[in-house]
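Keeping the supplied structure of chain A fixed, place chain B upon it in accordance with the hints.
Spelled out from the first residue to the last, the chains are:
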Amino acid sequence: MLSSPPLRSRRLEAADELEANELYQRNGWTDGLPIVPPTEARVRACLEAAGMTPDAVLGTEPVRQRLLTAEKVAVNAVMAGCLPDYFPVVAAAVQAMCEEPFLLHGATASTGGSAPVVIVNGPVRRAIGMNATDNALANGARANATIGRAVRLVLVNLLGCVPGGLDRSTLGHPGKFTFCIAEDEEGSPWVPLAEERGIPRGASAVTVMACAPPRQVMNEWTTDPREILETFAAEMRANMLGYSIWSGNYVLVIPKQLRDLIAAAGWQKQEIRDYVYRAARVRRADWQRVGKGRVAGGEDVEFAALGSPDDLLVVAAGGPAGGFGMVIPPWFGSKSRAVTRAIGLCLEC
Amino acid sequence: MPIIVLDPTAESVIPAAGLAPPLTSLSGKTIGLLDNGKVNVAPFLDHVEAILRMEHGVAAVLRRRKPNMSAPAPAELLAELTACDAVVSAVGD
Numbered sequence: 000m001l002s003s004p005p006l007r008s009r010r011l012e013a014a015d016e017l018e019a020n021e022l023y024q025r026n027g028w029t030d031g032l033p034i035v036p037p038t039e040a041r042v043r044a045c046l047e048a049a050g051m052t053p054d055a056v057l058g059t060e061p062v063r064q065r066l067l068t069a070e071k072v073a074v075n076a077v078m079a080g081c082l083p084d085y086f087p088v089v090a091a092a093v094q095a096m097c098e099e100p101f102l103l104h105g106a107t108a109s110t111g112g113s114a115p116v117v118i119v120n121g122p123v124r125r126a127i128g129m130n131a132t133d134n135a136l137a138n139g140a141r142a143n144a145t146i147g148r149a150v151r152l153v154l155v156n157l158l159g160c161v162p163g164g165l166d167r168s169t170l171g172h173p174g175k176f177t178f179c180i181a182e183d184e185e186g187s188p189w190v191p192l193a194e195e196r197g198i199p200r201g202a203s204a205v206t207v208m209a210c211a212p213p214r215q216v217m218n219e220w221t222t223d224p225r226e227i228l229e230t231f232a233a234e235m236r237a238n239m240l241g242y243s244i245w246s247g248n249y250v251l252v253i254p255k256q257l258r259d260l261i262a263a264a265g266w267q268k269q270e271i272r273d274y275v276y277r278a279a280r281v282r283r284a285d286w287q288r289v290g291k292g293r294v295a296g297g298e299d300v301e302f303a304a305l306g307s308p309d310d311l312l313v314v315a316a317g318g319p320a321g322g323f324g325m326v327i328p329p330w331f332g333s334k335s336r337a338v339t340r341a342i343g344l345c346l347e348c
Numbered sequence: 000m001p002i003i004v005l006d007p008t009a010e011s012v013i014p015a016a017g018l019a020p021p022l023t024s025l026s027g028k029t030i031g032l033l034d035n036g037k038v039n040v041a042p043f044l045d046h047v048e049a050i051l052r053m054e055h056g057v058a059a060v061l062r063r064r065k066p067n068m069s070a071p072a073p074a075e076l077l078a079e080l081t082a083c084d085a086v087v088s089a090v091g092d
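Protein chains in written order, with numbering that gives the first Met the number 0: chain A, 0 to 348; chain B, 0 to 92.
Hints listed in this document are in silico derivations from the structure and should not be mistaken for laboratory results.
Computed from a prediction, not measured in an experiment: that's the story for all the values here.
Ideal Cβ positions, reconstructed from N, Cα and C, are used throughout, including at glycine.
One thing to keep in mind: the hints can contain errors.
[What the hints assert, rightly or not] Derived coverage of chain B by chain A (criterion: at least 3 residues anywhere in the stretch with Cβ under 8 Å from a Cβ of chain A; other residues may be distant):
(1) 1-8
(2) 69-82
[What the hints assert, rightly or not] EDC-like, lysine to aspartate or glutamate: derived pairs with alpha carbons at most 20 Å apart:
(3) B:Lys28 - B:Asp45
(4) B:Lys28 - B:Asp84
(5) A:Lys255 - A:Glu185
(6) B:Lys65 - A:Glu99
(7) B:Lys28 - B:Glu79
(8) A:Lys291 - A:Glu301
(9) A:Lys291 - B:Asp92
(10) B:Lys65 - B:Asp34
(11) B:Lys37 - A:Asp166
The shape of chain A in the complex, shown without the other chains (with noise of 0.2 Å):
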């Protein structure tokens, strides 16, 4: 086995694994839950699961030219509660989120509060125990939960995103603490998203975006897709009255019920954004009804939610039961793309 390089991260002692948490609360290293505290041993499993020397750099935050070492990025990831097997996933999302057309510095520090939704597809998700069905946006699966968690600990301490700090989120959302989920791609009859966004079938990867909070719909009261995917699309058109109406971005999460249904009447992933891209449009004197009158201007100028169909992410996931599904708007428009990046590429060939 070659040496393995040694780590440079500054040490610090602490009495017990509680009082090192407690020392982690103090500094301000935290998003307020507990960590693990991140050994030498602990932070080395993460990189030799990933193939990655401590000094590997991930990317480059491209405003104040900060570098994101794997060694610094495996540390917040076991504070995070990560095990090993999940780091490579972790190391992909910040891998993603530091090319350039994510826009790192803006969406991680604007008052418009966005979180990073990782989403992942391939093999990985089943190897590492990710949860694509019941509860898939929230609790309960330690890997959904520490992987995003992960990625909220990478930007608090490695680029000092720390509330009131350079992250002036006026008010953020839930998914800021964590949001990761993955495609029930075995429940699924459709293309899964990373495949339709580049990678190739059979590899893992990830795909990261810059989103609002979800806005949570439901429709039990049809057996047509059209009318089903009315539903999304009038939820993306309040999102765009009420929150931004400049185009970028959605994520659809599709649960099984709704999902069965679009897929019975023969609709793959891309009949689903053709007709979500023609839905999903107001016009700007619509903002006249919701208080934004003074800005309306031009009654007929209309405006998409969506640049284009592609810029909708269709994600199979959710529990068997329910005719709900959910709508993830971006965090401002097309400033920030969606990035999907595939999982354990080599650094260094």
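Just chain B, lined up with the frame of chain A:
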């Protein structure tokens, strides 16, 4: 038994550039005013410009606006501003 844990923060931060020496007077100087692109910054900078011209006798004011409020100013725009004696970077929200 004590445990050894690792600092999770970015320790090797690139040192910030030192502060430029302050101007002793604004009289006759060229001042850049960088607008971050948000709606309310223009009236604010109008006011700043009026004060600079009327009360401090600046020779010229170079007004520039970022094309994307959420992204860093493009290199060409920053290069233009380096011709100024001082720059006010303003955020309107």
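Outcome of the hint check:
1. 1-8: With 8 residues in contact (Cβ-Cβ under 8 Å with chain A), the coverage given for the region 1-8 of chain B holds.
2. 69-82: holds (count 3)
3. B:Lys28 - B:Asp45: At roughly 18 Å apart (the allowed maximum being 20 Å), B:Asp45 and B:Lys28 satisfy the hint.
4. B:Lys28 - B:Asp84: 6 Å, holds
5. A:Lys255 - A:Glu185: Since the Cα atoms of A:Lys255 and A:Glu185 sit roughly 11 Å apart, the hinted pair holds (cutoff 20 Å).
6. B:Lys65 - A:Glu99: 17 Å, holds
7. B:Lys28 - B:Glu79: The hint holds at about 15 Å.
8. A:Lys291 - A:Glu301: Since the Cα atoms of A:Lys291 and A:Glu301 sit roughly 16 Å apart, the hinted pair holds (cutoff 20 Å).
9. A:Lys291 - B:Asp92: The given pair, whose Cα atoms are some 17 Å apart, holds under the 20 Å limit.
10. B:Lys65 - B:Asp34: Cα-Cα ~6 Å, so holds.
11. B:Lys37 - A:Asp166: Within the cut-off at roughly 18 Å; holds.
In this structure, every one of the numbered hints holds.
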